[in-house]
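K.L.:
These are the residues of each chain, in order.
Protein chains: 2
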Amino acid sequence: MGGPAVRVALDAMGGDHAPAAVVEGALRARAKGVEVVLVGDPGAVAAALNDAGAPDALPVVAASEVVDMGEDAAFALRTKRDASIRVAAELVASGEAAALVSAGSTGGTLTAALLALGRVTGVRRPAVGALIPSMRGSRVVLVDAGGSADAQPEALVGYARMGAAYAEVLGSVAPTIGLLNVGVEAGKGNTLAKAAHRLLRELPGFMGNVEPDGVLYGAVDVTVTDGFTGNVFLKTAEAVSGGYGDRAAIVLGVAGEVLVAHGAARAEEVAEAVRMAAEAAAAGLSGKVAAELIRGTG
Amino acid sequence: MGGPAVRVALDAMGGDHAPAAVVEGALRARAKGVEVVLVGDPGAVAAALNDAGAPDALPVVAASEVVDMGEDAAFALRTKRDASIRVAAELVASGEAAALVSAGSTGGTLTAALLALGRVTGVRRPAVGALIPSMRGSRVVLVDAGGSADAQPEALVGYARMGAAYAEVLGSVAPTIGLLNVGVEAGKGNTLAKAAHRLLRELPGFMGNVEPDGVLYGAVDVTVTDGFTGNVFLKTAEAVSGGYGDRAAIVLGVAGEVLVAHGAARAEEVAEAVRMAAEAAAAGLSGKVAAELIRGTG
Chain Y
1 MGGPAVRVAL
11 DAMGGDHAPA
21 AVVEGALRAR
31 AKGVEVVLVG
41 DPGAVAAALN
51 DAGAPDALPV
61 VAASEVVDMG
71 EDAAFALRTK
81 RDASIRVAAE
91 LVASGEAAAL
101 VSAGSTGGTL
111 TAALLALGRV
121 TGVRRPAVGA
131 LIPSMRGSRV
141 VLVDAGGSAD
151 AQPEALVGYA
161 RMGAAYAEVL
171 GSVAPTIGLL
181 NVGVEAGKGN
191 TLAKAAHRLL
201 RELPGFMGNV
211 EPDGVLYGAV
221 DVTVTDGFTG
231 NVFLKTAEAV
241 SGGYGDRAAI
251 VLGVAGEVLV
261 AHGAARAEEV
271 AEAVRMAAEA
281 AAAGLSGKVA
291 AELIRGTG
Chain W
1001 MGGPAVRVAL
1011 DAMGGDHAPA
1021 AVVEGALRAR
1031 AKGVEVVLVG
1041 DPGAVAAALN
1051 DAGAPDALPV
1061 VAASEVVDMG
1071 EDAAFALRTK
1081 RDASIRVAAE
1091 LVASGEAAAL
1101 VSAGSTGGTL
1111 TAALLALGRV
1121 TGVRRPAVGA
1131 LIPSMRGSRV
1141 VLVDAGGSAD
1151 AQPEALVGYA
1161 RMGAAYAEVL
1171 GSVAPTIGLL
1181 NVGVEAGKGN
1191 TLAKAAHRLL
1201 RELPGFMGNV
1211 EPDGVLYGAV
1221 DVTVTDGFTG
1231 NVFLKTAEAV
1241 SGGYGDRAAI
1251 VLGVAGEVLV
1261 AHGAARAEEV
1271 AEAVRMAAEA
1281 AAAGLSGKVA
1291 AELIRGTG
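In order, the protein sequence lines correspond to chains Y and W. When the count follows the working numbering, it moves up by one through the first sequence with no breaks and lands on 298 for the last residue. When the count follows the working numbering, it moves up by one through the second sequence with no breaks and lands on 1298 for the last residue.
Looking at chain Y on its own, in the form it has when it is part of the complex (with noise of 0.2 Å):
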């Protein structure tokens, strides 16, 4: 360890084709020169590497236990210290690996990485960015993408500070922020939502409220909306259009880099997202986001 190459600690557990897919998504990473270490059940990983006809072909990080996709996440994970998601995030706090990604339960992704690396100063809830590919050629930054299901108005500010600070961190320049809505107007909405626009009026940036077509357009930087209603849109455009959904999303406000790639992914989804882990990790990407989130309210 300790050595200049970034390797990411990939949840072998996680995700519905895990671990067969998450192994050669794995394999297929190390080809193109990431390092990865899996992390999971040794016996369920070393029979997938050898059914890739790899043995041996990575190291391996024993973790006895799995969060599965019924559970509730924080639960589970204060039960189950040796969970593979826990075991992985503690790979990445102690040094042992520069990123951590996870097709597993989001939100036990999320919790794990709390857990071990702790929030970025001035976070109170991290969210999860997605990158929406738009109509005139931008990536719209999509805060909550699915990280929390519930949401109070005020996360909403926060969800908007981060995802401007990532975007600002993607090359934006004073990016804009919009509100996800069923209406542009400003009474529209369900009560999170009326709520939220009132607070986001005090944000430098805020243009108001995007319908679908606007984010899919591009007509704003940044979109924020509460997890719930932003994985259902996120699942819907996919679903829609079989896209969306092949990249892995980042986990903002969390003091390190922890991508989640999709549930359902498949090896090639699994080792691009270890392959936007690493480059993530080679670019400081959450320390940047940190900084950017600094200088905005300082």
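There's no promise every hint is true.
Claimed, not checked - Chain Y is nowhere near these chain W residues, computed Cβ spacing over 12 Å in every case:
| # | residue |
| --- | --- |
| 1 | L1058 |
| 2 | S1064 |
| 3 | E1268 |
To be verified - Ranges between beta-carbon positions, derived for each pair:
| # | chain 1 | residue 1 | chain 2 | residue 2 | range |
| --- | --- | --- | --- | --- | --- |
| 4 | W | R1198 | Y | A44 | 30 to 40 Å |
| 5 | W | E1202 | Y | A74 | 51 to 61 Å |
| 6 | Y | P59 | W | G1137 | 15 to 25 Å |
| 7 | Y | G242 | W | T1191 | 26 to 36 Å |
| 8 | Y | A74 | W | R1201 | 21 to 31 Å |
| 9 | Y | I294 | W | A1047 | 53 to 63 Å |
Keep in mind that the hints were calculated from the coordinates and are not lab data. Because the structure is a prediction, the values reported are computed rather than measured. Glycine residues also receive a C-beta, built at the ideal position from the N, C-alpha and C atoms.
Keeping the supplied structure of chain Y fixed, place chain W upon it in accordance with the hints.
P.N.:
Only chain W this time, still in chain Y's reference frame:
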């Protein structure tokens, strides 16, 4: 009045392109044999008829006020007693028209319909039912597609019952019901979805959670969700595909035929909504849905 022809009351002032596109749509529906009465500002409607080269081609009922898209519909309708949507709904209540169509504020249409026509017995909260064409060729009833932005878990049980009754009228035998969610496992979702899931389990035909791809595949006959999430789902699918939003949606749970057209509807979509309304009236759709609701609980 009182003849055998089905007459549709059309809110000439509702929608992004009103009154021009609405009046043009009315003329197209009229050309296909549907009787239409326009409701709105007489000067504006006459000008639109003139612009369309058809002065005096359609009957006009005067209404001096309009519910704007940015207004709180329930509040606006209490103060604007001569709002076009309210006058149009009263034409249905008095029997001067057999159905109501508006491309204006969905909340306004729902409130006006409720005030003028009342609820179907056993219905606590009316909702909007949209038909989603599925990949396997079926039509999925989505309730609530945008009637009420906020909903309590109990309301979703009512939506499921109304949606199932509508599906039965459309020909489904023992329709299956799903709860729109971000995962298929029972514990998934926000507070509303989790609580609704527990209540819906008691309902015949309930299959559990369904993700956006499942809805679009046609995994269930009826999908229930709150009006905010339903509208985001519909608008996202429509923005990506360019198609789902063309058709009007029906208001379920009010004692009369009421259809909401897309706010951005152009003439052809308005004409199609008017044709759908005439069909619904000829078939006595709302009465059949009411009968199915009574049968379902009897």
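K.L.:
If any of the earlier hints don't hold here, list their numbers in rising order.
P.N.:
Result: hints 5 and 6 break, sorted rising.
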